[in-house]
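Visitor: Given chain R, put chain A in place with the hints provided.
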Amino acid sequence: MSAWILFWKIIFVLTLAVFIQMAVLVSWFGAADIRRLLDRLKGDDETADEHPSSD
Amino acid sequence: MSEKVQQAINQTNFTTLDWGIVVCYLLISVVIGLLVKKYASNMAAYIGAGRGVGTWLGIATMTGTELGLITVMYSAEKGFNGGFAAFHIAVLAGVVTFFVGLTGFIVAPLRAQGVLTIPEYYERRYGRRTRILGGCVLAFGGILNMGLFLKIGSMFIVGITGLSPDGYALPLVMTGLLSLVLVYTVLGGMISVIITDYIQFVVLSVGIVLTTFWGIQQLGWNNIFETIVQEKQEAGFNPFMEGEFGTEYVVWMAFTGLIGCAVWPTAVARALAMESTTAVKRQYRWSSISFTIRFMIPYFWGICAFVFIVTQAPDLQELFFVADPGANAKPELSPLYALPIYLGRLLPAGLIGIISAAMIAAFMSTHDSYLLCWSSVITQDIIAPLRRKPLSVEHRVLLTRILIVVIGLYILAWGLFYEGGDAIWDYMAITGAIYFTGAFALLAGGLYWNRASSWGANAALVAGASAIFGLEPVRVPTVQIVARLLGHKMENRVAADFFSSAQIGIASVILTCVVFVVVSLMFPDPPGANDLHSAESPQEGESV
Chain R
1 MSAWILFWKI IFVLTLAVFI QMAVLVSWFG AADIRRLLDR LKGDDETADE
51 HPSSD
Chain A
1001 MSEKVQQAIN QTNFTTLDWG IVVCYLLISV VIGLLVKKYA SNMAAYIGAG
1051 RGVGTWLGIA TMTGTELGLI TVMYSAEKGF NGGFAAFHIA VLAGVVTFFV
1101 GLTGFIVAPL RAQGVLTIPE YYERRYGRRT RILGGCVLAF GGILNMGLFL
1151 KIGSMFIVGI TGLSPDGYAL PLVMTGLLSL VLVYTVLGGM ISVIITDYIQ
1201 FVVLSVGIVL TTFWGIQQLG WNNIFETIVQ EKQEAGFNPF MEGEFGTEYV
1251 VWMAFTGLIG CAVWPTAVAR ALAMESTTAV KRQYRWSSIS FTIRFMIPYF
1301 WGICAFVFIV TQAPDLQELF FVADPGANAK PELSPLYALP IYLGRLLPAG
1351 LIGIISAAMI AAFMSTHDSY LLCWSSVITQ DIIAPLRRKP LSVEHRVLLT
1401 RILIVVIGLY ILAWGLFYEG GDAIWDYMAI TGAIYFTGAF ALLAGGLYWN
1451 RASSWGANAA LVAGASAIFG LEPVRVPTVQ IVARLLGHKM ENRVAADFFS
1501 SAQIGIASVI LTCVVFVVVS LMFPDPPGAN DLHSAESPQE GESV
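Here the protein sequences come in this chain order: R and A.
Per this note's numbering: the first sequence ends with 55, consecutive numbering throughout.
Per this note's numbering: the second sequence ends with 1544, consecutive numbering throughout.
Next comes chain R alone, as it looks inside the complex:
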């Protein structure tokens, strides 16, 4: 049983540590992705306005 206890302790601490790092990265770079996405969708709308569909 002590092997299982040690195993879950290590897994838990490692996972939490990696998650904290990932959360920081995702929060930072995700904001840039949102800006890119909105710019792209805005660009799509403007293109559609300039070249309306034939149907």
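Since the hints were made in silico from the structure, they are not lab data.
The model shown is predicted, which means the values in this text are computed figures rather than measured ones.
Among the chain R residues that face chain A by a calculated CB cut under 8 Å, a handful are:
| id | residue |
| --- | --- |
| 1 | Met1 |
| 2 | Ile11 |
| 3 | Leu16 |
| 4 | Gly30 |
We put the CB at the ideal spot given by N, CA and C, even for glycine.
Guide: For chain A alone, kept in the frame of chain R given last:
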């Protein structure tokens, strides 16, 4: 409900400040959802965010979707009952997600096809009839699967805020939360879903870390492990021991872990919205951490709730545990209430507001994605292919919005009336299996096996629905009827334990795969049928 229960729930640290934090957060989410409404101008933008989601945003939205309040609640229930042994589910989920990220199993070739939904792929590979049948099975299993989300989420709010679980509080919370989600999902589609998912990811991450460290600090790291050793012995750590889990359960969890990331439509919808297959793989490799954490942290909270009740809250012990476990009696309070009551008592004012906002964030990010997913499947994969005249873009968006509201009303009604005895996670796994057993065979077979045929696909979809027998309200009467036919009388409890939902789930997967292979070999498609299906089905962009 007894006075003791009411008193137990009322002892929360939730204050007016916390209500203020929650209300502010909800307003911000809805306003942002409304602000991005203008970008949802066509169907590709409405249900796929124009396929322009970058890796980091993809990870945030995948996490926001898959770490719902329902996930937190059912996982806490598992941790409360199973102790650290429940961690195996989290580890398996992370390992298989990382495997998908390395290999691109199913999701990369699916993204390369340029389809918007899984049934759209069915049409390209197997033909229109399979798309419609697959869409029906997917919508049925999926909507049934989310049937308890609203009720369980509302139980959390009721438990942590100290509202009365009796009377009108629960239905009112359910209606209020549902209305909020409906407003911004209906108006903004996938774009508002993705952006609010991002905000929810940030709030959730802060809430997760703060609550975890606060719990450890209050209960003591060593005390948490020692209490589980004392109360649950080895079964609290070793998942292979019979009891709460066991070998069959571990196998079933490995499979559901794979399905949860590679076949489950809401996760696949994120993959299909990514800008490239490389981005999809990277998204999955990173998301393997989220797929682990989304289970592991709530398990840990459930364990902390258990330790808190055992060591610091004697008044709760008689409500959550029965004196004589052999007497078949049920505790007065469901283990689902353990987490919100524990958080309500342990966390200080202010921090409860943040964690409640984070949990409501989790609630909303899951609901919006699921509502959008199932409604777009019904529009794109059932109604549109059945019509002879093509549906215009405006009509598709309108229909999807109407369906979002209809499904929302259904989950409100289902949450109020369904009375099943399965643990919530087991309910989720088995209702999901109605769809995913068939879908797994069709996707893996279609993408990696040339001899997969339309007949085999349709037969597998029907065979996959056999998973419904794992649901307790179906399983118990079925076992009793069979027993009666064999001349035995069986009590409800005995019938419920005769087969576990994991055993029925595994049997259903094996049956479906065998049916798929055998029928495909017996009734192969005529030569060139695949090219014909591809030519007849709408190509990328046309269906939208």
